[in-house]
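Keeping their order, the protein sequence lines are chains A and B.
Final position of the first sequence in our numbering is 175; the numbers increase by one with none missing.
Final position of the second sequence in our numbering is 413; the numbers increase by one with none missing.
Read the hints as simulated data drawn from the structure, not as lab findings.
Any given hint could be a false lead.
[Unchecked claim] Cross-link-like lysine to any residue pairs, in silico, SDA-like; alpha carbons within 25 Å at most:
hint: 1; chain 1: A; residue 1: Lys139; chain 2: B; residue 2: Asn193
hint: 2; chain 1: A; residue 1: Lys147; chain 2: B; residue 2: Leu244
hint: 3; chain 1: B; residue 1: Lys341; chain 2: B; residue 2: Asn262
hint: 4; chain 1: B; residue 1: Lys227; chain 2: A; residue 2: Thr41
hint: 5; chain 1: A; residue 1: Lys147; chain 2: B; residue 2: Thr373
hint: 6; chain 1: B; residue 1: Lys195; chain 2: B; residue 2: Ser316
hint: 7; chain 1: A; residue 1: Lys144; chain 2: B; residue 2: Asp283
hint: 8; chain 1: A; residue 1: Lys139; chain 2: B; residue 2: Lys200
hint: 9; chain 1: A; residue 1: Lys126; chain 2: B; residue 2: Lys341
hint: 10; chain 1: B; residue 1: Lys226; chain 2: B; residue 2: His292
hint: 11; chain 1: A; residue 1: Lys147; chain 2: B; residue 2: His292
hint: 12; chain 1: A; residue 1: Lys44; chain 2: B; residue 2: Thr289
hint: 13; chain 1: A; residue 1: Lys144; chain 2: B; residue 2: Ala363
hint: 14; chain 1: A; residue 1: Lys74; chain 2: B; residue 2: Tyr199
hint: 15; chain 1: B; residue 1: Lys371; chain 2: A; residue 2: Phe150
hint: 16; chain 1: B; residue 1: Lys371; chain 2: B; residue 2: Asp296
hint: 17; chain 1: B; residue 1: Lys194; chain 2: A; residue 2: Phe150
hint: 18; chain 1: B; residue 1: Lys225; chain 2: A; residue 2: Lys147
hint: 19; chain 1: A; residue 1: Lys158; chain 2: B; residue 2: Lys341
hint: 20; chain 1: B; residue 1: Lys200; chain 2: B; residue 2: His292
hint: 21; chain 1: A; residue 1: Lys126; chain 2: A; residue 2: Thr45
hint: 22; chain 1: A; residue 1: Lys139; chain 2: B; residue 2: Trp258
hint: 23; chain 1: A; residue 1: Lys139; chain 2: B; residue 2: Leu220
hint: 24; chain 1: A; residue 1: Lys74; chain 2: B; residue 2: Ser308
hint: 25; chain 1: A; residue 1: Lys158; chain 2: B; residue 2: Ser316
hint: 26; chain 1: A; residue 1: Lys44; chain 2: B; residue 2: Lys341
hint: 27; chain 1: A; residue 1: Lys139; chain 2: B; residue 2: Asp296
hint: 28; chain 1: A; residue 1: Lys144; chain 2: A; residue 2: Ser32
hint: 29; chain 1: A; residue 1: Lys44; chain 2: A; residue 2: Lys91
hint: 30; chain 1: B; residue 1: Lys200; chain 2: B; residue 2: Ser316
hint: 31; chain 1: B; residue 1: Lys226; chain 2: A; residue 2: Lys109
hint: 32; chain 1: A; residue 1: Lys109; chain 2: B; residue 2: Ala363
hint: 33; chain 1: B; residue 1: Lys227; chain 2: A; residue 2: Leu37
hint: 34; chain 1: A; residue 1: Lys74; chain 2: A; residue 2: Thr41
hint: 35; chain 1: A; residue 1: Lys158; chain 2: B; residue 2: Lys371
hint: 36; chain 1: B; residue 1: Lys194; chain 2: A; residue 2: Lys126
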Amino acid sequence: MKKRLILMCMMAAVISLAAQAQEEKRLSLITSVGTGLDISTPAKTPINFHVIGLYGINSHFYAGVGTGISSYEKALIPVFTEVRYFFTKPKTFMPFAECNIGYSFAPDKHANGGFYLNPSIGMQYKQRFFVSLGYEWQKLERLKSYKDQFVATEFAEKLHHTVISMNFGYKFDLH
Amino acid sequence: MSLKLSCMILTIILCSCNKKLIEYKSGDVEVHIEQGSEWLHDYPLFLGIKKKNPPQIAIWIEDMQGHYLSTIYVTHKIATQSWQMANGNRRKSALPDWCYSRGVKYEDGLYLPTKNHPFVDGISGATPRGSFSVKLSPTGSLRQFVVKIELNQSTDFNDSYPKSAKPGDANYSGGEGGSGQPAVVYAADIDLSSGKTTYDATLIGHSSPDGSSGKIYSDVSGLTTALHIVKRITISIR
C-alpha cells in the first residue's frame with residue numbers, strides 16, 4: 001500500500017513537472033551509471049543506475065526528481081530530488097554542481113533502506129554527456145543471522161556507507 | 176501546488192516505511208545493550224582531527240562451568256581485522272577475554288582473527304553507534320548458560336592506564352594507539368527453566384590491559400570512563 005502511494009506521488013510529481021515543462025519546453029531526462037570508493041567500514045563498492053527528470057528553471061539552474069537502482073549489500077531503490085547548477089551559459093564544456101537528496105527503499109524483506117545524499121561536481125560536454133565526482137551517504141539496515149549447534153542468532157546491522165562517488169551520464173532533451 | 180503536495184505526502188510516507196527485521200517468539204532471548212555516556216569516544220585520526228568512535232563489542236555464551244560455547248555477536252573490525260589508522264597493530268588488547276575464551280590460535284600466534292581468516296560473517300556486524308539488541312534462540316537442549324559481554328574503547332587513556340606506559344608495565348595497553356583503559360566484561364547467568372524473564376548483566380571485571388591473557392581482573396578501581404560505555408545490559412526471555 002505504501003509503495004503504491006509512493007509511486008503515485010512520484011508519478012504526480014513527474015507529470016506536474018512535465019506539464020510545466022511542456023509549456024516552456026525545458027524538460028530533460030538524465031540517465032547515469034555510477035560507482036565509487038567506499039571509505040566506511042564495512043565497505044562495499046556500489047553500482048547504481050539513475051533516471052532523473054530535470055526541469056530548467058533558467059539557463060543555469062535545474063531541479064527535478066529521480067529514481068533508479070543502487071547495489072550495496074542489498075539492492076536499493078532510491079527516490080530523490082536533484083538540483084543542478086551550471087556555472088556557465090550553454091557551451092561545449094559546462095561545469096556544474098549538483099545535489100541529490102532522498103530516501104532509498106530496500107525491496108528485500110530482510111533489509112531497510114535509508115537516507116540518501118549525494119552532492120557532487122561535474123562537467124557536461126556538448127550539452128549531452130557528463131561526468132561527476134562526489135560524496136555519497138547511504139544508510140541501510142539488514143538482518144544478519146547464524147546458527148550453530150548451540151544457538152541461532154539474529155541482529156539488525158546498521159550500515160552507514162560513505163562513498164567517493166563517480167557518475168557518467170547522458171542527457172535527453174524532451175522538447 | 177500539486178508538486179508541493181506530492182513532495183509533502185512522499186516525505187511523510189518515507190518516514191514510516193521501515194520493516195521490522197527481527198521477530199521474537201516465545202522462548203527467544205534478547206540481549207539489549209543500552210549505550211552509556213561514553214559510548215562514543217574521540218579517536219585521533221591526523222592533524223588533530225578526531226573521530227567519534229563506538230566501542231568494540233563481543234557477546235558470547237559459556238556453559239555454567241565457564242567453557243566457551245558460541246559467539247552471538249562481534250564487531251566487524253575485530254572480526255575481519257579491518258582497523259583504520261592502526262599501522263599494522265593487530266590490537267590484541269581490544270577484546271582479549273573473548274579471544275582467549277574462543278581459544279583459536281592463528282598463524283601469527285595471536286588469538287585474533289586475521290584478514291585471511293576472518294570470523295564468521297553471519298555473526299559480525301558494523302559497530303553500532305548506539306544502543307542495540309541481539310536475538311538468540313537455543314537450538315538444542317541448552318537451558319542454563321552464561322551470557323558474557325566484553326566492550327572496549329581504543330585510546331581511552333587515563334591516569335591509571337596512561338599512553339606513556341611501557342611494555343612490561345602492568346598498565347601497558349599497547350602504547351600511543353593502544354587500548355587505554357582495558358576492556359570491561361559483563362556477565363549474566365541465565366536459566367531458561369527458572370521462569371525468570373529479565374536478567375541484568377553485571378560488571379565482573381576488566382580484561383588484560385595488554386591483551387596477553389584471557390584473565391579477568393575484578394579490581395576496576397583504575398577505570399574511569401570505561402565504566403560508562405554502557406548504561407545497562409539486559410537479557411530478556413520472551
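Results of checking the hints against the structure:
no.	hint	result
1	A:Lys139 <-> B:Asn193	holds, 12 Å
2	A:Lys147 <-> B:Leu244	holds, 12 Å
3	B:Lys341 <-> B:Asn262	holds, 18 Å
4	B:Lys227 <-> A:Thr41	holds, 14 Å
5	A:Lys147 <-> B:Thr373	holds, 24 Å
6	B:Lys195 <-> B:Ser316	violated, 29 Å
7	A:Lys144 <-> B:Asp283	violated, 29 Å
8	A:Lys139 <-> B:Lys200	violated, 28 Å
9	A:Lys126 <-> B:Lys341	violated, 64 Å
10	B:Lys226 <-> B:His292	violated, 28 Å
11	A:Lys147 <-> B:His292	holds, 19 Å
12	A:Lys44 <-> B:Thr289	holds, 19 Å
13	A:Lys144 <-> B:Ala363	holds, 24 Å
14	A:Lys74 <-> B:Tyr199	holds, 23 Å
15	B:Lys371 <-> A:Phe150	holds, 21 Å
16	B:Lys371 <-> B:Asp296	violated, 32 Å
17	B:Lys194 <-> A:Phe150	violated, 28 Å
18	B:Lys225 <-> A:Lys147	violated, 38 Å
19	A:Lys158 <-> B:Lys341	violated, 38 Å
20	B:Lys200 <-> B:His292	violated, 34 Å
21	A:Lys126 <-> A:Thr45	violated, 30 Å
22	A:Lys139 <-> B:Trp258	holds, 21 Å
23	A:Lys139 <-> B:Leu220	holds, 23 Å
24	A:Lys74 <-> B:Ser308	holds, 21 Å
25	A:Lys158 <-> B:Ser316	violated, 32 Å
26	A:Lys44 <-> B:Lys341	violated, 38 Å
27	A:Lys139 <-> B:Asp296	holds, 20 Å
28	A:Lys144 <-> A:Ser32	violated, 32 Å
29	A:Lys44 <-> A:Lys91	violated, 37 Å
30	B:Lys200 <-> B:Ser316	holds, 17 Å
31	B:Lys226 <-> A:Lys109	violated, 33 Å
32	A:Lys109 <-> B:Ala363	violated, 33 Å
33	B:Lys227 <-> A:Leu37	holds, 22 Å
34	A:Lys74 <-> A:Thr41	holds, 16 Å
35	A:Lys158 <-> B:Lys371	violated, 31 Å
36	B:Lys194 <-> A:Lys126	violated, 44 Å
Hints 6, 7, 8, 9, 10, 16, 17, 18, 19, 20, 21, 25, 26, 28, 29, 31, 32, 35, 36 from the earlier list are contradicted by this structure; the remaining hints agree with it.
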